[in-house]
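Okay, here's what each chain looks like letter by letter:
There are 2 protein chains.
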Amino acid sequence: MKLERILPFMRTLLEKAVSAGDVTVDATVGNGHDTLFLANLVGPEGKVYGFDIQEEAIQSCSSKLSAQNLNERVSLFQKGHEHVKASVPEKDHGKITGAVFNLGYLPGGDKSIVTGPTTTIAAVEQLLDIMAPEGIIVIVIYHGHPEGQLERDSLLEYVKNIKQDEAHVLQYQFINQQNHPPFILAIEKR
Amino acid sequence: MKLERILPFMRTLLEKAVSAGDVTVDATVGNGHDTLFLANLVGPEGKVYGFDIQEEAIQSCSSKLSAQNLNERVSLFQKGHEHVKASVPEKDHGKITGAVFNLGYLPGGDKSIVTGPTTTIAAVEQLLDIMAPEGIIVIVIYHGHPEGQLERDSLLEYVKNIKQDEAHVLQYQFINQQNHPPFILAIEKR
Numbered sequence: 001m002k003l004e005r006i007l008p009f010m011r012t013l014l015e016k017a018v019s020a021g022d023v024t025v026d027a028t029v030g031n032g033h034d035t036l037f038l039a040n041l042v043g044p045e046g047k048v049y050g051f052d053i054q055e056e057a058i059q060s061c062s063s064k065l066s067a068q069n070l071n072e073r074v075s076l077f078q079k080g081h082e083h084v085k086a087s088v089p090e091k092d093h094g095k096i097t098g099a100v101f102n103l104g105y106l107p108g109g110d111k112s113i114v115t116g117p118t119t120t121i122a123a124v125e126q127l128l129d130i131m132a133p134e135g136i137i138v139i140v141i142y143h144g145h146p147e148g149q150l151e152r153d154s155l156l157e158y159v160k161n162i163k164q165d166e167a168h169v170l171q172y173q174f175i176n177q178q179n180h181p182p183f184i185l186a187i188e189k190r
Numbered sequence: 001m002k003l004e005r006i007l008p009f010m011r012t013l014l015e016k017a018v019s020a021g022d023v024t025v026d027a028t029v030g031n032g033h034d035t036l037f038l039a040n041l042v043g044p045e046g047k048v049y050g051f052d053i054q055e056e057a058i059q060s061c062s063s064k065l066s067a068q069n070l071n072e073r074v075s076l077f078q079k080g081h082e083h084v085k086a087s088v089p090e091k092d093h094g095k096i097t098g099a100v101f102n103l104g105y106l107p108g109g110d111k112s113i114v115t116g117p118t119t120t121i122a123a124v125e126q127l128l129d130i131m132a133p134e135g136i137i138v139i140v141i142y143h144g145h146p147e148g149q150l151e152r153d154s155l156l157e158y159v160k161n162i163k164q165d166e167a168h169v170l171q172y173q174f175i176n177q178q179n180h181p182p183f184i185l186a187i188e189k190r
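Line order of the protein sequences matches chains A and B.
To convert, note that position 67 of the first sequence is 67 in full-length UniProt numbering; the numbers rise steadily by one, no gaps.
To convert, note that position 52 of the second sequence is 52 in full-length UniProt numbering; the numbers rise steadily by one, no gaps.
Just so you know, these hints were derived from the structure itself, not from any lab.
Incorrect hints may appear among the rest.
[Stated by the list, open to error] Taking lysine to aspartate or glutamate and the EDC-like style, the derived pairs with C-alpha atoms no more than 20 Å apart in a straight line are:
hint	chain 1	residue 1	chain 2	residue 2
1	A	K2	B	D129
2	A	K111	A	E147
3	B	K16	A	E15
4	A	K2	B	E166
5	B	K2	A	E4
6	A	K2	B	E15
7	A	K163	B	E4
8	B	K16	A	E4
9	B	K2	A	E134
All chains, full assembly: derive it from the sequences and hints.
So this is what it looks like as structure tokens:
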């Protein structure tokens, strides 16, 4: 397949936005795959701030980081991403070049614990405030579960109304597939 | 800006799909820019078939090709793209790896002459029939004019119903801009 699928395209966008030494945010640590990906992108001089409300996610990610000796460049918070602005030290405000959200529930975890539109939108607003110009927020939206459809609709409504002079908002979606496959919203701060 | 804009992304997709020596189609020659782009992509051993109903477009493209000595690898038809299957020689059926549509009217030309959904959809169906597997059709949709909105709606309805096992259909669109900027539908044959 030549057209890039959703998760590879998410990573392509982050690779475009993030260079070695940059500051990044994983807003939904989950199983930690994206945290590790960002930790490798930013290199030993860079920084990843990761957020997840579930202890299970933080612990699983933490052991993966230890196994690869990447702990020093990552700070994990067992908090919702709506605390991003208060949690990222002020010295790093204005330096964040990439952030990622994988919405929905923790794969293999408790499916009743899901992200929600209010906190997701609050986190995006805070990130737009403290990111660097040309920094990109990549959001992967899972809308197969009922709460996911509500979250999708609220998020779409919100991002469509972000002013053109504040950010570019791109939708990247395969539109002829069954079963509500995930799609991407990418927001580039101007 | 790090997120690829519409026309650069169109070219990125064609570059991914098309290699030197391949057969390609410019379904809307217009001012000839994409025809030249494809002619350079396919190289001296490749082929471009170009379609436009307007003599003005064919002549303008033809002089641009002559100026760069690219005529031999391009065949221009002053015909609508709904004649693509009948016009591309049978020896090249199954070999087309890239096709492009820039819908709407000829820039700088007669704005009352526009592409229409029936012929556009007919051309896409024929292309899916005679393209190579993994060949990509890139459609740039201009929906600022009233006919453009009807064409957009018909096309979206059509592509959403292309079966998953026949093609992947990707929508690539900036969704927070004023004035109906163009967006991309990319169809990859399976």
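- [ ] Compare the distance between the alpha carbons of B:K2 and A:E134 with 20 Å, and conclude whether the hinted pair is satisfied.
- [x] holds (7 Å)
Open item on the list: For A:K2 and B:E166, compute the direct alpha-carbon distance and say whether it is at most 20 Å.
Closed with: Within the cut-off at roughly 14 Å; holds.
Open item on the list: Check whether the Cα positions of B:K16 and A:E4 lie no farther apart than 20 Å.
Closed with: holds (10 Å)
Task: Holds or violated: A:K111 to A:E147, with C-alpha atoms at most 20 Å apart - done: holds (11 Å)
Task: 20 Å limit on alpha-carbon distance, applied to hinted pair A:K163 and B:E4 - done: Measuring from Cα to Cα gives roughly 19 Å; hence the hint holds.
Task: Holds or violated: B:K2 to A:E4, with C-alpha atoms at most 20 Å apart - done: holds (17 Å)
Task: Holds or violated: B:K16 to A:E15, with C-alpha atoms at most 20 Å apart - done: It holds: about 18 Å lies between the C-alpha atoms, which stays within 20 Å.
- [ ] Assess, step by step, whether the Cα of A:K2 is no farther than 20 Å from the Cα of B:D129, and give holds or violated.
- [x] holds (18 Å)
Open item on the list: What's the verdict on A:K2 and B:E15, does the C-alpha distance respect the 20 Å limit or exceed it?
Closed with: holds (10 Å)
Figure legend: structure checked against the earlier numbered hints; every hint is met.
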